[in-house]
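Q: For reference, the chains in residue letters:
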Amino acid sequence: MSKIYVSTTVNGRPEDVLCEAHQTLLDLLRDEIGLTGTKEGCGTGDCGACTVLLDDRLVCSCLVLAPEADGKEITTVEGIADSQEGLHVVQQKLLEHAALQCGVCTPGFVVAAKALLDKDPNPDEKTIRYWLAGNLCRCTGYDKIIRAVQDAAQELTPTK
Amino acid sequence: MSNFGYVAPTSVEETLAVLQRATDQGQRTQILAGGTDVIVQFRSFDNSHRLFVDIKSLKETNDVRIENEHIFIGAAIPSGVLNENAELKTLFPGLLEAADLIGSTQIQGRASIGGNLCNSSPAGDTIPALIVNAALCVIATNEGTRTVPTENFVTGVGRNCLAAHEFLLGFQIPRPSAGTGDAYLRFIPRTEMDIAVAGTAVSLTLNHDGICERARVSIGAVAPTPLLVSSAAEALVGTTADEDALQQAAQACSDAAQPITDKRGTVEYRRKVVGVLCRRAGAIAKDRALSNRNCE
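Taken in sequence, the protein lines are chains A and B. Under this note's numbering, the letters of the first sequence match residues 1 to 160, in that order. Under this note's numbering, the letters of the second sequence match residues 1 to 296, in that order.
I should point out that these hints are in silico values taken from the structure, not numbers from a laboratory. Built from N, CA and C at the ideal position, the CB exists for glycine as well. Among the hints, erroneous ones may be present.
Unchecked claim - Straight-line Cα separation of at most 35 Å, DSBU-like style, residue types lysine-lysine; simulated pairs:
(1) A:Lys-126 to B:Lys-272
(2) B:Lys-89 to B:Lys-59
(3) A:Lys-119 to B:Lys-263
(4) A:Lys-72 to A:Lys-3
(5) B:Lys-59 to A:Lys-3
(6) A:Lys-3 to B:Lys-272
(7) A:Lys-126 to A:Lys-144
(8) A:Lys-72 to B:Lys-59
(9) A:Lys-144 to B:Lys-263
(10) A:Lys-126 to B:Lys-89
(11) B:Lys-56 to A:Lys-126
(12) B:Lys-272 to A:Lys-119
(13) A:Lys-119 to A:Lys-144
(14) B:Lys-263 to B:Lys-89
(15) A:Lys-126 to B:Lys-263
(16) A:Lys-72 to B:Lys-89
(17) A:Lys-72 to A:Lys-119
(18) A:Lys-119 to B:Lys-59
(19) A:Lys-72 to B:Lys-56
(20) B:Lys-272 to B:Lys-89
What the hints assert, rightly or not - A few chain A residues that face chain B, going by a derived Cβ cut-off under 10 Å, partial list only:
(21) Asp-46
(22) Cys-50
(23) Cys-62
(24) Pro-67
(25) Leu-87
(26) Asn-135
(27) Gln-154
(28) Pro-158
Unchecked claim - Over 12 Å on every C-beta distance to chain A, these chain B residues come out as not near it, computed from the model:
(29) Asp-37
(30) Val-81
(31) Leu-290
Given only the sequences and the hints, what does the whole structure look like? Please build it.
A: Have a look at this one:
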């Protein structure tokens, strides 16, 4: 079968690519578009390393077929930092709290945590833990990540 | 040369035509909604060639219609979207909680109750909750739509009543009458994101004297398919759904279960737990029914 034409928007930039029906959005991002910030962990939707926003909804890009991206807007970790202001507060706080070691899970955590703070700028610890339960980290034991997200929330809404 | 295909039809007629053509040509088709089961299975152990037919571009599969008699819920709506619908949450708290139990935030951005049903796992969490709400599965066929009660949809482990040229459009659920409450509970050894060891859904309707006039009880993960347990419902009807009645319904669930022993639990354990869940879900459904008695 011939390749499928996909016209999509990634981090605000239009991308026109050819893909195969059985490729995933993760394959499309990494292999066709060259955005390798999004990582493959498990490939079965358990670990969240490949988390991206698809039309403003958090998804595992390993569980989206590449042709499904047609006409959609995708945000990856490369689209989180503001080119003018530098790192997003979530990224900055992950650094400050040393909330990563190997870093494979970090892009997924960044995208997921930012999505949470966009939706709920003042989440409690339980909300953060449940929201990020689909992101696995084998290095940190999670506490540093949770504290970094709490700190980021604090910075976004200092009245808390 | 890859023999995979992907199409995203935009009408029911087009979808049926695509399915019929592929079936006639002997090509395997795979309906794709959220893909959280389909793509995992495809990548893990069944990577044979097929045509993916994405049904997310159809109006019908994304529709929520809340009408006087019935509520329609499209088959492809992600559970994360459903759980943002306050009206649905008020109407069917148990069903929406069941959907909310499945997977992480990321999975809930994609996974649908239609997909959960069509995956036809014995442990699909939303299936008992659909059954107790008397949901009818609305199926698109070449002859128009046909409906099947949810309790008759799943025919075996991973099997259901859909023919190759048919697909699920959504669910038609009767509007709960005043004094109705539903609940679904499952047991898993973790706090979340696991497959049910056992699950029980209960829906009951109490009259103004607090007497149960109607009940439906369904159990999951304890038989090849989710089961409607009419003996458990009979134990509740005519009572105030008090401790004794709930205990009898629980016993009926344990008796109706036909579980297997696997890594998640033994036959004996599942039999016991499914009854405990019935008692507890029944108590929640009763509380909800009591608080719904005055809102007609």
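Q: Determine which of the earlier numbered hints do not hold for this structure and return their numbers in increasing order.
A: 3, 6, 12, 25, 27, 28, 29 and 30
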